[in-house]
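Please model the entire structure based on the sequences and the hints provided.
Chains as they are written, first to last, in my numbering: chain A, 2 to 343; chain B, 2 to 343; chain C, 2 to 343; chain D, 2 to 343.
By construction, these hints were calculated from the structure, which means they are not laboratory data.
Do not rely on the hints blindly, as some may be mistaken.
A pair holds if it fits inside one copy or across any two, identical chains being indistinguishable in the list.
Below 25 Å or equal to it, Euclidean Cα-Cα: the simulated SDA-like pairs (lysine to any residue) are [as the list claims (entries may be wrong)]:
(1) K341 x R112
(2) K45 x L290
(3) K251 x N157
(4) K341 x H325
Every value quoted in this text rests on a predicted model; they were computed, and no experiment measured them.
There are 4 protein chains.
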Amino acid sequence: MIRFGVIGYGYWGPNIARALMEVDAAAVHAIADVSSEALGRAGKRHPSVLLQSDWREVVADPAIDAIVVATPVNHHFEIALAALRAGKHVLVEKPMTADVGQAWRLVEEARRRSRVLMVDHTFVYTGAVQAIHGLIETGHLGDLYYYDSIRVNLGNFQNDVNVIWDLAAHDFAILDFLSSSRPMAISATAAGFLSDRPENMAHLSVYYEDGSMANLNVNWLAPIKVRQVLLGGSRRMVIYDDMETSEKVKVYDRGVTLSDDPEAVQMRRVSYRVGDMWAPVISAKEALLTELEHFCSVIETGAAPMSDGLSGLRVVEMLSAASHSMRLRGQPVEMHELRKAS
Amino acid sequence: MIRFGVIGYGYWGPNIARALMEVDAAAVHAIADVSSEALGRAGKRHPSVLLQSDWREVVADPAIDAIVVATPVNHHFEIALAALRAGKHVLVEKPMTADVGQAWRLVEEARRRSRVLMVDHTFVYTGAVQAIHGLIETGHLGDLYYYDSIRVNLGNFQNDVNVIWDLAAHDFAILDFLSSSRPMAISATAAGFLSDRPENMAHLSVYYEDGSMANLNVNWLAPIKVRQVLLGGSRRMVIYDDMETSEKVKVYDRGVTLSDDPEAVQMRRVSYRVGDMWAPVISAKEALLTELEHFCSVIETGAAPMSDGLSGLRVVEMLSAASHSMRLRGQPVEMHELRKAS
Amino acid sequence: MIRFGVIGYGYWGPNIARALMEVDAAAVHAIADVSSEALGRAGKRHPSVLLQSDWREVVADPAIDAIVVATPVNHHFEIALAALRAGKHVLVEKPMTADVGQAWRLVEEARRRSRVLMVDHTFVYTGAVQAIHGLIETGHLGDLYYYDSIRVNLGNFQNDVNVIWDLAAHDFAILDFLSSSRPMAISATAAGFLSDRPENMAHLSVYYEDGSMANLNVNWLAPIKVRQVLLGGSRRMVIYDDMETSEKVKVYDRGVTLSDDPEAVQMRRVSYRVGDMWAPVISAKEALLTELEHFCSVIETGAAPMSDGLSGLRVVEMLSAASHSMRLRGQPVEMHELRKAS
Amino acid sequence: MIRFGVIGYGYWGPNIARALMEVDAAAVHAIADVSSEALGRAGKRHPSVLLQSDWREVVADPAIDAIVVATPVNHHFEIALAALRAGKHVLVEKPMTADVGQAWRLVEEARRRSRVLMVDHTFVYTGAVQAIHGLIETGHLGDLYYYDSIRVNLGNFQNDVNVIWDLAAHDFAILDFLSSSRPMAISATAAGFLSDRPENMAHLSVYYEDGSMANLNVNWLAPIKVRQVLLGGSRRMVIYDDMETSEKVKVYDRGVTLSDDPEAVQMRRVSYRVGDMWAPVISAKEALLTELEHFCSVIETGAAPMSDGLSGLRVVEMLSAASHSMRLRGQPVEMHELRKAS
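Put into structure tokens, the structure is as follows:
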């Protein structure tokens, strides 16, 4: 039985704690939060769990094997570092850290201490993203042309980070898992409609080494919640709509070809292939539960987690590049220059 | 009765001819196309109309009062200029011309000859866009924050122009009609997945003088047809989905405010307003029919058309700026520099 | 070239005339309607067609080979009978006649004169219904368990017939085409919410010989237009949504089985099969065009039409049984008793 | 603090227990189930709760104030009766009992003992049904013409009851809450496609005293889950789609009127009113939580519950009438005859 401490019981922490109760290999030993109101809610739901107002008590508790960090981003680094140094395994909410340097230091610390460092890239553990991954790996989509995402809703305006660090982090995590190519440059445009606040709307384009592109549309000020990704491949295309209750992933046997017919080539005619659509069964298991079971499993087996510290680092790199381009009103930022700078 | 010549009977010309048959004030006198196959189809549907393989015959025909130019873009200028010089009123399919200089010359020629020059910005004549225009004019949306559009489908790959000149032209025409502010700069990224062909996917961001933004996602290589616009305003937000059969325009009484409560301000808390949704009745009349009736009406009354030559010119300016930025991988292009250059 | 007379230019007649213009083998020779306003509209659209205010002129016209009857139901019998007697081939809008006796007499007359009698069961000619037919014939659905339809909208209240004769006629036509079993009894309930008018809402259940059932929900007083059919089979299930622009037919690899496991049988446990969904490509060709080409083809070849007079008769039988049960507030009416009575 | 015993921890019991943990006024004292596996799950989630394999222990426990009965229907009566006799307040899952006689006896027992008897008509406590109730009470819908429901899915085949007792119970509960008129007769048709099992598909029509009608389509063997209700009123119409995440209730300002214009009356012309659609904000609070808080509140205040024993009884009456008509293949069963018989 792996004994957990959950640090942060605000928006996401309660989900972590509830899901951990369902994991056979896990027990929730302690929950920490600076807010006594938050601790009150935790106590009503989990009467047998130890409550702490200071996270250092949890990190120092020898009865605890693993820590989940679910605080605002700017506290991730300090808490995760302390936990690794105390010999705990650590799962950090996304984005892993507030900058690239911090991310590197966590990766190093975990390596040195031989502890598991995993980042909570929840979408990677959804049935939908796993299914799309399978479609790519087996060649069903052919060469990946583009990843085109809308991730907008009303709310969760944050004080400390702009919308890129909040919402685009999800897409970057998915892209890091799905794409076998490397991002070369990012162009981002953004706007903020509440004065004196971080940008709440952004559009990002990522240029990949193999010629493919990713385009993200993220917005905290939209009338409805949209979570929709279009993936274009040379053989098939996919629509992944996370708001759908049943068919979240639809695979379209559609595309174009330049005709081989000499006369058509002369005319530069494109022919269209419009075939069937197919929606594979997607596991309905809660992603967070899958992820927490995976975390317990890699702690026990020593295997590498699907969303390890390095993937957390790469996502932070992309977030940094996007934020930089945004300030240049869309001028592309090269990833390798960013890496040199950091 | 205004007698029409329709030049071009490929993709859009047949719709023009069919709709003109329904306009009380109009009669179709002649149809021209270089393809004898196209003329064959025209003859089967309209046995009483004069068929011409050379558009010059139509332009020269003294029985004809007005010309509709529905050919590929690169012929628009030559045909429209000749028609104006022959004293005809002219309606040109969008985009009006292939470059800004041509657009200026058509506007000048029409002014000199006192003929109507109108551009076929069809969406401006839809019940949906007219309804949104009304919502803006009456202040229902408050200040316009953003216009965010997806306009993708499979098909209509063109040889002569990239996807921006085809699909983004619709959004620019709508924006030109809806927005009271002026575009300052455009950032565009794009990719082409068929070698040796114009770009088939693009993402555009337009910076407006008043701080608002427009973002367009256009693509010829998408699994399904999407025509969806989100409009964010300070008072209300709109979803305009042109693929919906019934409620094309939905108005959401939603938004955010920075709290006035001193403690909340201290905490920098945002409060969310989640009110009702409302879908006004939208006229189901075919936009093309409305537009052609409007064209006949301005010919008769001498009033300025809603989509006059100047609006056609402004749309061509935006298309040129976007194409330029696209070649710079998203580096923003200032509209005033473009104007200087042309 | 088959020369047509179209009788009735109200709601459906204009579609017939327009579609006939697209049929290579057909020419529209004359259009008849009692309303001069209707004839005015016909003349504007089809300047070269002969217009008649008396349908008898069309039936008597020796230049005409085939007649389409697109008048209100209560005139179908008289006109179709006269046309057959004049040696014309006849296509009658659905429902074929106002009662079973009339339907029998038209079938007999056509047989005696060796003329084609076809009924305009338009849906039978849609890509969607043809695709479903294929799924059934090839065994993909297994045994057909049920056909469950909603066909509601706002409007088209009729004076002469109730909603069953208008909307359920479509479902009966589709069922006649799809089902290989015979209807045994029909139970129908209905209500009318405008006083002194035919019933505008009805719910029908059809019991088939093989144990399958059809259930129809038809209504002229609904807030939106719905055209949705669920088909349950022992192997797969189908959703056919005619309002969908793209995937009209979705095939679900889902169902239930009683477990063979002895313990499970003891517990009477049902196991559920939840497999993929699949949406075959559906021909987007206009059904009316397909149907009119088919009509021309059977005239030329002498083959039996897919929607022949006998299918028209069977649909009228079902409509009569349903109307009778409706007056008994749902008490089932046996088809064989109805046949005896007529 | 009201101390609860939850009897039955199968499908619905876990939801009850989880929601009770969120109710300030409630504490879960004990959970009972015959299955040790179920108790194991309960213990993992709620380590501090008393687990019992015999419900009689819970009913006899003097520390417990209120009992929730969440067992299969055929045990409801015995357990609820015992609990009332032991002086407990009782909340029974729907349908309240397996027959009308049992329902009467529970109502009587609760009255005699002055205990709260409430039935778990969960939908009554949803924001959506409460909003519709408000629309009816304030006259927004005008006279209610019809209630037309589809409630189908794949699964939850039950051994002890047919689909009417499972799914139609929800609609009857909603109707009992919404309609101010009394049901007079019910016609039901049904079919079962698994041999030797209760019917899994049924269609029901309820005739109300005021001329309105309710029509229900319930099915355990459908490809997807549908929860959709159309309500027709003389002034407005409503679509209530419980599968929608955002706009569950849409109000359409649409309808028909017989024209007052004498000539139109002569022609018996109907005119259609097609106005705006409007989707009021619906409370997103979990209905079960609202319901359990309401149960605690009526225990404390002595007020009558919204879903009291009499509403439970009326729903059981409708279920009995529908099942009876089903066996007569749709022949209508009069409610007053059913009442005489029971």
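Evaluation of the provided hints:
1. K341 x R112: within (23 Å within a copy, 58 Å between copies)
2. K45 x L290: The answer is both: 22 Å in one copy and 15 Å across copies each meet 25 Å.
3. K251 x N157: between (29 Å within a copy, 23 Å between copies)
4. K341 x H325: within (14 Å within a copy, 29 Å between copies)
The structure is consistent with each of the numbered hints, conforming to all of them.
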